[in-house]
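We have chain A; now place chain B onto it with these hints.
2 protein chains.
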Amino acid sequence: MLVILFRSKLTASAAADGYPEMADEMEDLARQMPGFVDVKAYKADDGERLTVVWWQDEETLKGWREQVRHRLAQRLGREKWYEYYKLEVAQVVRQNAFERPATAAREPAGL
Amino acid sequence: MLVILFRSKLTASAAADGYPEMADEMEDLARQMPGFVDVKAYKADDGERLTVVWWQDEETLKGWREQVRHRLAQRLGREKWYEYYKLEVAQVVRQNAFERPATAAREPAGL
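Each protein sequence line maps, in turn, to chains A and B.
The opening residue of the first sequence carries number 3 in this note's numbering; numbering runs sequentially from there.
The opening residue of the second sequence carries number 3 in this note's numbering; numbering runs sequentially from there.
Treat the hints loosely; a few may be bogus.
When chains are identical, the list treats them as one kind, so a pair holds in a single copy or across two.
Stated by the list, open to error - In silico DMTMM-like cross-links for lysine to aspartate or glutamate, where the CA-CA straight-line distance does not exceed 25 angstroms:
| id | residue 1 | residue 2 |
| --- | --- | --- |
| 1 | K45 | D26 |
| 2 | K82 | E50 |
| 3 | K88 | E101 |
| 4 | K11 | E81 |
| 5 | K82 | E101 |
| 6 | K64 | D40 |
| 7 | K64 | E101 |
| 8 | K88 | E27 |
| 9 | K42 | E90 |
| 10 | K82 | D48 |
| 11 | K64 | E81 |
| 12 | K11 | E101 |
| 13 | K82 | D26 |
| 14 | K88 | D47 |
| 15 | K11 | D48 |
| 16 | K11 | E68 |
| 17 | K45 | E101 |
| 18 | K11 | D47 |
If you're looking for bench data, these hints aren't it; they were derived computationally from the structure.
Please read these numbers as outputs of a predicted model, since none were measured by experiment.
Chain A extracted, bound-state conformation (with noise of 0.2 angstroms):
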């Protein structure tokens, strides 16, 4: 699996540009997609934005990537909605996870 971190700052006039219109569109797109996995949206103290995006492998990326809104919206983004961006693709190599026990009923006092 791939996972791409996708951190960008935002143009003062995209909010009011067609910008978030757009980026409704490209999710719901995205996830129809061959090798969609799952997306998720962060924000940092200093207001960069993240969008973490895992994608089946580099075949159904490239799927994604040539797709012909996509690359619209792409051109659009450098021309008027990103201040910058700073995309990364990297291949998971390992993942771990905890979760916390659910706190098992005690009995009650006396029984």
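Structure of chain B alone, referenced to chain A:
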């Protein structure tokens, strides 16, 4: 380069139970370790925290994973600070960036 995604949610008591102090200590310590590249913290709308850490390679990351104070912090995290965590380690395969060019100063009218 490796990128580590550490997603977590804290327990209700973590903030008053030593977590912030240990988190600060761990960040200071990580920055001094061989192989440390960068770290940045993010948060999702649902409250999930994401710490992204960039590390030079597997060998130096192993050094950090086995660092004595860090091992204690990991143990305390599972004992009392984390409701859950999800850790992913990934190998960066490519990077790409865009920065909006500074707007060129216009010549004053009439010159």
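Tell me the numbers of any earlier hints that the structure contravenes, in ascending order. Violated hints: none at all, because every hint is consistent with the structure.
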